[in-house]
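*Asks:* Here is how the chains run, residue by residue.
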Amino acid sequence: MPEKSLLNNLLSRQDTWKGHQYHLSKNSISTGNDHIDKFLLGGWPLSAITEVSARQNGIGELSLLLPVLKHYTNKGKLCVWLDPPYEPYAPCLADAEILLDKILIVRSKNTKEWLWAAEQIIQGNALLFAWTHQINPNYTALRKLQLAATDNLSPTFLFREISSIKVPSPASLRIEIEGVRTNIMSLLIHKFKGKVPGTRIRINLSNKLLERTLLNKLPVNIRPPKQYKGTFSLPATVKPQHLNA
Amino acid sequence: MHNKNIWLYLKFPLLALESVLIYQSELSSDKPLAIISSHKNVRRIVCCNDASKQWGVEPELSLTTSLAICPDLVTFTENYSQEKLLLQQLALIAYRFSPEVIIDTAGLWLEISSCEHLFNGYENLLKQLHEQLLQQKINVVNGIGKNPLAAKLTCSDEFQKTVPKKCEIHSNLMATRLDNLPSTPKQQRSFKQLGLNTIQDLLKLPRCALSQRFDQVLMDTLGLLVGEKTFTGDRFKPPQSFYNEVQNPQGLYSKESLLFPMRTLLQQFCQYLAVLQCHSLQLEWTFEPLLGKHQKIILSLSGSNNSWSNFLNLSRLKLERIDLPQSIERISLSSNKFIDMPDLNVDLFNNQFDLNKEEKGLIDNLSARLGLEALSKLIISNEYLPEKASTLEPIHQNLDSKYIISKSYKPIWLLAEPSPAKWYKKQLYWGKPLKILSGPERLCGNWWQSEQKRDYYLVSDSEGSRYWIFRELLSNQWFVHGVFA
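Heads up: the sequence lines are chains A and B, in that order.
Counting along the first sequence from 1, when you hit position 86 you're at 107 in this note's numbering, and nothing is skipped either side.
Counting along the second sequence from 1, when you hit position 139 you're at 140 in this note's numbering, and nothing is skipped either side.
In short, the hints are calculated from the structure, not lab data.
Mixed in with the good hints there might be a few duds.
If we take Cβ atoms under 7 Å as the criterion, some of the chain B residues that face chain A in the derived model are [unchecked claim]:
hint, residue
1, ALA210
2, GLU321
3, GLU359
4, LEU363
5, ASN366
6, SER377
7, ILE381
8, ALA390
9, TRP414
10, SER466
11, ARG467
Listed next, with one range per pair, are the computed distances between beta-carbon atoms [to be verified]:
hint, chain 1, residue 1, chain 2, residue 2, range
12, A, SER33, B, GLU132, 55 to 65 Å
13, A, ARG164, B, GLY372, 23 to 33 Å
14, A, ALA117, B, PRO421, 23 to 33 Å
Result set (DSBU-like, lysine-lysine): computed pairs, CA atoms no more than 30 Å apart in a straight line [claimed, not checked]:
hint, chain 1, residue 1, chain 2, residue 2
15, B, LYS358, A, LYS130
16, A, LYS98, B, LYS358
17, A, LYS96, B, LYS361
18, A, LYS98, A, LYS214
19, B, LYS319, A, LYS130
20, B, LYS427, A, LYS130
21, A, LYS165, B, LYS319
22, A, LYS96, B, LYS389
23, A, LYS98, B, LYS319
24, B, LYS167, B, LYS5
25, B, LYS166, B, LYS230
26, A, LYS165, B, LYS358
27, B, LYS358, A, LYS96
28, B, LYS12, B, LYS230
29, B, LYS433, A, LYS187
30, A, LYS91, B, LYS433
31, A, LYS133, B, LYS230
32, B, LYS358, A, LYS133
33, B, LYS361, A, LYS130
34, A, LYS59, A, LYS91
35, B, LYS297, A, LYS133
36, B, LYS338, A, LYS98
37, B, LYS361, B, LYS389
38, B, LYS361, A, LYS91
39, A, LYS130, B, LYS294
Where is the CB? At the ideal position from N, CA and C, for every residue including glycine.
For reference, chain B alone in the conformation it holds in the complex (with noise of 0.2 Å):
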């Protein structure tokens, strides 16, 4: 019935307590910390690390007595949805070294038999998942087996970098303490009035005895143990749109002090883009006060580039234009419009991909600074209006431009608006006198709306500065129209 599946069990003991630090960038973990939770109108401890553990202070403490003992305490409430989250970010990871994940409640499930060959063996995958895991300052610890309850049983205190043989890994479930296995405190009390210590002195007896004395729940348990029944959690599939959040309930004064949880914000996000393998278009900022209205920023991006820190430099010049409530209570983060990677299998010699790389990077720039509205690119069509054949038009929208190259002399400048010129006895002004130089060059169009028929010549002045002037046909008056710079 053995299958040749290896599960890894990934235990975050202080998960808790991560998932509020992660966000805090000025309580270092040499301060005594710790999460609360209220139950029954006691507040008990939860979570605690090292150094309030050397103060005595323990899980399931009441906090009356853990401030008593320790007095220097920093405690937090405990928070669900937080804690959620951050085992979401935590099963992104590790879907970059397996494809099948399971979230457990304060832990993950891989299945690593199938990647033993792409890391060039469980060793150098075990090693990058730690590393990976301690960057995002992550407490960890491992345990191995044939299925996954068997692994989540085997978790010993320590990140094992091995994975121990066949033969061990039996031997170390079988060694396993009764004490571990999902039951009843009413099942434990007979384990023990019937002298079973182990999970090996559980298996030895016969399944129909153990079913007369045990439940059903504990006979499944056991027939998961020993895979006579297929493991049923529903694997992890990244989500199609990113979101997550902060919440800080002392509140951010500045913008400077925005920007920590904003890193982390994004480093979580690229880490989505990673594993989706794919460059982000948009990216949502909205920063809630403890009252009044939020505040939203929209980031228009090229997806040329993936890194945190561009984002956060994009982020950030962003910032600097809009005016923020004065305290800040949750900072979230959202993203739904994504495309692939560009493909990368470009000329070894060619430098147009950098170029193209380099361009959408200041484009992202200027755009986040200057806001999408200060930037535009020209249009060209076939149009006969010059007005019409020449636009400014958004740097984001997708426009073809046609033309035919013509070779008669136009401006290189247009007026927004035509300018009236003065036909006065056969001489034109335009604040001096001009001179017609060429023409004229007639233009016709828009003749389904208002019909508009215009000569155009080419003028100068005394100075030599040279216009680009029209007759209006139907109204017969002179307007200048461009400039040849």
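Chain A with its partners taken away, still in its complex shape (with noise of 0.2 Å):
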């Protein structure tokens, strides 16, 4: 029966599209976030690629893999940053309890260094993290890493710009994360099996970030200091290098 065989391996492949498929899927780990498990049936998909592009810069967009980052490291997987926009802050990464370690950064000179990089990433079965507002890879590059990432036993993620949510592509997953007000964000699909495009769903942010400290309440004094005239200062002739000398 041949024509069962191919049929049952084109289901078997990773990007065959099952119709009815609404079962939270066991290859996937979890977002860390209840409400984010359940919309995504289950969290990040594995062994694919996701997609995120956020409207806007600090909205939580890296913040919602903080957990993923976390199991990873922990497990002694290599977590690879590939040209991330900023310098990551390590004091951050390190009390979301991520081993600094198994972070490496990695830069690229040219959209052929990026893609050549972002496969043997995924080939090297590394957890990829790559920005692409560099460089704009096309379908055929992305379905490349598409193919190479269906080995990888981890997700993979690219971060991309908004506009390129209207270019198609073959990502497993396509989200787009937008700052609905301070602490909320909203999270909407483009893409995703089992789930119908352009469903959304709001995250409240921790409320941590709303601990306000009234300025007049602190135990210190915050004005400017003011130019001190007692007798005690230095002379005006002795540079500070000069005393380290």
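Hints in hand, dock the two standalone chains.
*Replies:* Encoded structure:
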């Protein structure tokens, strides 16, 4: 029965879309948030590319992925950040219990290098966080990465410009993140197996952000220091570097 | 006087030819090939393969005669340094079979009696050694004796795969013709005049009678042969650093054509690593043109993988990034940074070892293609100023990360330089108006040089983007320093 085996082969492929598949996927990893897990039918898809497009920076697009990062780095898996837009701030990651030894920052010079590095990282079974702000990968390049990702046991995240949402992509999950107001973000699905495009969820961020201290109740003086007019000031000719020497 | 030692002599009859052919991928052994050397303005054949022998070419024949009888004969000039390097490589292979290896002019001696148990018998040892040499495409014949000289004299025309019995070893030596004994032509004539044909004939004569007729050198040789004297050759020890080179006088014009000699060099390097039981941390390739400047490639390695194919892949990635001179005449490979082979006694059900190996392999690949400068790791320290608390450092730099976890809210991104924000009519602006959500957190540092006092706040704009902003207390200016992504 060659036809049947051919059909089974096709159905077993990661990139085959099976209709009426609404059950929780076993091939996913928890996002660390029960609401998002339910929304994404189990969590971030494994062995697949997830495209994250944020309407604006600083709305918590990366903090969504910190639990995944913590999970994999604590398991001893290397996590590679390819072309991040800024320098990651180590104390923030350390506070989130992420092992910094397992984080590698890679910078590429051009599209060719970016694509090569992304493919190598996926094939090397590492967790990839890649930013495409400097390049614009075409469908073929993304398809190549998607195929490579099917052999990787972890998810792969691409952070793309919001304008790329309109362009077709082979990624398994395409998600748009928008800051509704402070501490509330909205996740909008553009493509995902088992979900209707346009499905949206609102997420409340940590209340920590609202813990505002009133300035007049601070135990320290926050006013800029005034010029001290006492007699104990250093002579004007002595410079700090002389003191060091 | 006889001890229990068994010596094996490996003779490489085509060493001169093989030392050239080993780096020539395009030449097949079906073609008539020969090595020539010049002596008193006459170029003569030193060594030739079977294909040329079928045409009638043989050693000592002049080049003109050889070309007359075999016009297709391909010749190369004898290269002693290349031969010496090949012999060193073969000694490295032999060193894996015996701890006692001595290098001869075109052969090797191995003491094999101490390794009989290790290889579960001489037959296994000889079989494995022969296979290893055949893999290197090296022609080899051998001789077995109770001392190094006896083993060399009894060298046959083919590779013996068994060690003869003691009495056979002795009788083989006694039956050896005197033509093979190291002696002068005058001494050879004397042997014939005396009617002496074999070693046995010579040894039958009283030693005092022989000493009257022949010089001390021959008497010493006989002393070595019967075991009265000990052989004092230098025992081979693997060098502490690796160096090997390939010369190609015709020149190599493309990067693809470099790969074959590079592969051969890497295979030899891996044999060296296997003998030393270590992993390499750095490789250095040098590509020299006939004229002009040479080009160097330094390959930094994590020491996770010792396979030549991995080294070749990494070298190929590195090659893609550089411009080479038009024609390469000499390729050399050197390495002197090693680490001990990692301990393989890991938990059977723990895959951490594989993970680390995979990770190191990936880092090697990325650094080879993108350059070491493209890779960095995050280092954290207990500094108060954020730009000093978090830094990016090269991956091979070992720095201790010390940090005490705090509960204060910190951004994921830190701007390379704090970006000035405006305070205008009691309102903060950074492109858009900003609203303070929490703060301040006072951070002071650098008090010993130019003191820094900052009050950090968490702010957000109307679209929900959150930033880490600080007020510099001394100048009373506001700066955006981080982004809460």
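*Asks:* Now look at each hint and say whether the structure bears it out.
*Replies:* Hints, one by one, checked against the model:
1. Because the closest C-beta pair between B:ALA210 and chain A is about 77 Å apart, greater than 7 Å, the hint is violated.
2. Residue-level restraint check for B:GLU321 is violated (minimum Cβ-Cβ distance to chain A is 10 Å; threshold 7 Å).
3. This hint holds: B:GLU359 has a C-beta 6 Å from the nearest C-beta of chain A, less than the 7 Å allowed.
4. For B:LEU363, the suggested interface contact is upheld, since its CB lies about 3 Å from the closest CB of chain A, less than 7 Å.
5. Interface hint status for B:ASN366: upheld, as the beta-carbon distance to the closest one in chain A is roughly 6 Å, under 7 Å.
6. Using the Cβ-Cβ criterion of 7 Å, the hint placing B:SER377 at the interface with chain A is satisfied: the shortest such distance is roughly 5 Å.
7. The beta carbon of B:ILE381 comes within 4 Å of a beta carbon in chain A, closer than 7 Å, and the hint placing it at the interface holds.
8. Of the supplied interface hints, the one on B:ALA390 holds, with its beta-carbon coming within about 5 Å of a beta-carbon of chain A, less than 7 Å.
9. Here the hint on B:TRP414 is kept, as its CB sits about 4 Å from the closest CB of chain A, short of 7 Å.
10. Satisfaction of the interface hint for B:SER466 is found here, the shortest Cβ-Cβ separation to chain A being roughly 3 Å, below the 7 Å cut-off.
11. Because the beta carbon of B:ARG467 sits about 5 Å from the nearest beta carbon in chain A, less than 7 Å, this interface hint is met.
12. Between A:SER33 and B:GLU132 the beta carbon distance is about 43 Å. The supplied range of 55 to 65 Å is therefore violated.
13. One distance hint, 23 to 33 Å for the beta-carbon pair A:ARG164 and B:GLY372, holds here, with the actual separation near 28 Å.
14. The given range of 23 to 33 Å is respected by A:ALA117 and B:PRO421, whose C-beta atoms sit roughly 29 Å from each other.
15. The straight-line distance between the Cα atoms of B:LYS358 and A:LYS130 is roughly 27 Å, inside the 30 Å bound, and the hint therefore holds.
16. Proposed proximity of A:LYS98 and B:LYS358 is supported: the alpha carbons are some 11 Å apart, at most 30 Å.
17. For the given pair, A:LYS96 sits about 16 Å from B:LYS361 by alpha-carbon distance, which is consistent with the 30 Å threshold.
18. For the proposed pair A:LYS98 and A:LYS214, the alpha carbon gap of about 27 Å is at most 30 Å, so the pair holds.
19. For the given pair, B:LYS319 sits about 15 Å from A:LYS130 by alpha-carbon distance, which is consistent with the 30 Å threshold.
20. For the hint pairing B:LYS427 with A:LYS130, the CA-to-CA distance comes to about 43 Å; that exceeds 30 Å, so the pair is violated.
21. Between A:LYS165 and B:LYS319, the direct Cα distance comes to roughly 23 Å. Compliance with the 30 Å bound is thereby established for this hinted pair.
22. Taking the CA atoms of A:LYS96 and B:LYS389, the gap is about 28 Å. The hint holds against a cut of 30 Å.
23. For the proposed pair A:LYS98 and B:LYS319, the alpha carbon gap of about 26 Å is at most 30 Å, so the pair holds.
24. Between B:LYS167 and B:LYS5 the CA atoms are separated by roughly 10 Å; this keeps the pair inside 30 Å, and the hint holds.
25. A hinted pair counts as satisfied when its Cα atoms are at most 30 Å apart, and B:LYS166 with B:LYS230 qualifies at roughly 23 Å.
26. Of the supplied pair hints, the one linking A:LYS165 and B:LYS358 holds, its CA atoms being roughly 25 Å apart against a limit of 30 Å.
27. Among the hinted pairs, B:LYS358 with A:LYS96 is consistent with the structure: their alpha-carbon atoms are about 15 Å apart, no more than 30 Å.
28. A distance of roughly 23 Å separates the Cα atoms of B:LYS12 and B:LYS230; the hinted pair therefore holds under the 30 Å criterion.
29. Taking the CA atoms of B:LYS433 and A:LYS187, the gap is about 27 Å. The hint holds against a cut of 30 Å.
30. Restraint check for A:LYS91 and B:LYS433: the C-alpha separation of about 33 Å exceeds 30 Å, so the hint is violated.
31. Taken as a hint, the A:LYS133 and B:LYS230 pair is broken in the structure, with Cα atoms around 69 Å apart against an allowance of 30 Å.
32. With a C-alpha separation of about 26 Å, the suggested pairing of B:LYS358 with A:LYS133 holds against the 30 Å cut-off.
33. Proximity of B:LYS361 to A:LYS130 is assessed by CA-CA distance (about 22 Å); at most 30 Å being required, the pair is judged to hold.
34. A threshold of 30 Å between alpha carbons decides the hint, and for A:LYS59 with A:LYS91 the separation of about 20 Å falls inside it, so the pair holds.
35. For the hint linking B:LYS297 to A:LYS133, the alpha-carbon distance of about 24 Å falls within 30 Å, and the restraint holds.
36. For the given pair, B:LYS338 sits about 27 Å from A:LYS98 by alpha-carbon distance, which is consistent with the 30 Å threshold.
37. Between B:LYS361 and B:LYS389 the alpha-carbon distance is near 28 Å, which keeps this suggested pair within the 30 Å criterion.
38. Our distance criterion of 30 Å between C-alpha atoms is met by B:LYS361 and A:LYS91, whose separation comes to about 20 Å.
39. Of the pairs offered as hints, the one joining A:LYS130 and B:LYS294 holds, with about 27 Å between alpha carbons and a cut-off of 30 Å not exceeded.
The structure is inconsistent with the numbered hints 1, 2, 12, 20, 30 and 31, although it conforms to all the rest.
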